[in-house]
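> Could you build the full structure based on these sequences and the hints that come with them?
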Amino acid sequence: METVDVDERVAGVLSEVLQLPATKITDDLAMQDLEAWDSLKHMELIVSLEETFGQQFTFDEIVAMRSVREIKRVLRAKDAQG
Amino acid sequence: MELRDKKVIVTGGARGLGRSMVDQLVARAATVAVFDLDARGLVELSAQQPDVHCVECDISDYDQVVAATARYHEQYGAADVLVNNAGILYSAPLVRLGPNGLERHDVAMWHKVLAADLSSVFYMTACVVEQMIATRTRGVVVNISSVSAGGNAGQSAYSAAKAGVNALTATWAKELSMMGIRVVAVAPGFTETESTKEALSETVLRETVKRVPVRRLGKPEEIAAGVIAVLENDFFNGKVFELDGGLII
Chain L
1 METVDVDERV
11 AGVLSEVLQL
21 PATKITDDLA
31 MQDLEAWDSL
41 KHMELIVSLE
51 ETFGQQFTFD
61 EIVAMRSVRE
71 IKRVLRAKDA
81 QG
Chain W
1 MELRDKKVIV
11 TGGARGLGRS
21 MVDQLVARAA
31 TVAVFDLDAR
41 GLVELSAQQP
51 DVHCVECDIS
61 DYDQVVAATA
71 RYHEQYGAAD
81 VLVNNAGILY
91 SAPLVRLGPN
101 GLERHDVAMW
111 HKVLAADLSS
121 VFYMTACVVE
131 QMIATRTRGV
141 VVNISSVSAG
151 GNAGQSAYSA
161 AKAGVNALTA
171 TWAKELSMMG
181 IRVVAVAPGF
191 TETESTKEAL
201 SETVLRETVK
211 RVPVRRLGKP
221 EEIAAGVIAV
231 LENDFFNGKV
241 FELDGGLII
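Line by line, the protein sequences are chains L and W.
At position 53 of the first sequence (counting the first as 1) the number is 53 in my numbering, and the numbers step up by one without a gap.
At position 32 of the second sequence (counting the first as 1) the number is 32 in my numbering, and the numbers step up by one without a gap.
Mixed in with the good hints there might be a few duds.
[Stated by the list, open to error] Here are a few chain W residues that sit away from chain L, every Cβ distance over 10 Å (derived from the structure):
(1) Ala92
(2) Pro99
(3) Glu242
[To be verified] Simulated pairs of lysine-lysine, DSS-like, Cα-Cα distance not exceeding 27 Å:
(4) L:Lys41 - L:Lys72
(5) W:Lys197 - W:Lys112
(6) W:Lys197 - W:Lys219
(7) L:Lys41 - W:Lys219
(8) W:Lys7 - W:Lys174
(9) W:Lys112 - L:Lys41
In case anyone wonders, no lab produced these hints; they're calculated from the structure.
Backbone N, C-alpha and C fix where the C-beta goes; we use that ideal spot for every residue, glycine too.
Encoded structure:
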């Protein structure tokens with residue numbers, strides 16, 4: 001998976017689920033910084049990411065994916081595993 | 001959901017409606033565990049259905065639920081299905097005319113019914129669904145409600161508890177569906193069980209039957225068949241399946 005491709009698709013999913021302009025989706029954006037990104041929204045985000053990337057995340061990954069940076073890290077790690 | 005080899009927890013499965021559900025689930029080769037307060041009933045169940053895992057537990061006590069579900073999860077892993085069936089049936093009006101004048105509804109019974117019929121559902125579901133989510137299990141929760149949820153004269157506590165169960169069913173379906181967990185309810189009308197006979201006098205029961213268009217009480221196996229139906233139909237979600245012979249309260 002190309003880095004740019006992952007970045008764009010992650011930004012697209014987050015933008016749609018969290019109702020944020022794509023320009024606000026930076027790597028530093030984290031669940032704790034955004035009121036709208038609560039635990040229910042997090043699960044919606046996870047399901048959307050699973051559908052977009054054709055992956056299923058483990059519970060530990062779901063817990064870890066609480067920032068854009070961590071979301072991308074988990075996706076790349078899964079991609080590397082094949 | 002195909003029930004073969006699925007891990008199913010039924011609360012209050014030692015007797016009555018719950019026992020019928022257990023029998024039908026076992027007949028479909030599900031792996032059934034029963035959580036029940038009734039120690040004697042569990043001994044009888046164990047003798048008749050030796051493959052059923054019996055857990056003695058007061059599910060209106062949160063600490064007992066936490067401990068019992070933790071032991072279950074350690075042994076079996078996450079359940080695929082939770083049937084919240086246990087509860088008590090209690091009938092009393094808000095205010096009644098007693099031998100010494102007007103008497104208010106017993107407050108201790110109000111709390112007891114809410115604990116047994118509503119809080120227990122919340123406790124069990126929280127503990128079981130937590131494990132479903134943690135293991136990404138696509139499960140089903142079936143809440144046994146009642147036609148009394150619509151408001152039944154003479155059943156303040158029971159009606160309130162069952163209305164609460166319906167509200168939780170809709171709420172949890174909205175919260176959990178995205179994780180692949182369905183939440184549904186089955187609402188029986190008046191049914192031929194010991195608890196119905198204990199809670200309602202013969203006269204009241206006779207009058208009730210007259211109001212049921214099919215002119216009879218429901219049978220436990222008919223309610224259990226309703227539970228099986230909502231489990232097997234993956235498109236049924238967040239709704240209450242009313243099985244009441246056409247009765248409208």
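> It remains to establish, for every hint, whether it holds in the given structure.
Consistency of the hints with the structure:
| no. | hint | result |
| --- | --- | --- |
| 1 | Ala92 | holds (38 Å) |
| 2 | Pro99 | holds (53 Å) |
| 3 | Glu242 | holds (29 Å) |
| 4 | L:Lys41 - L:Lys72 | holds (18 Å) |
| 5 | W:Lys197 - W:Lys112 | holds (19 Å) |
| 6 | W:Lys197 - W:Lys219 | holds (13 Å) |
| 7 | L:Lys41 - W:Lys219 | violated (43 Å) |
| 8 | W:Lys7 - W:Lys174 | holds (23 Å) |
| 9 | W:Lys112 - L:Lys41 | violated (36 Å) |
In summary, the structure is inconsistent with hints 7 and 9 from the numbered list given earlier, while agreeing with the others.
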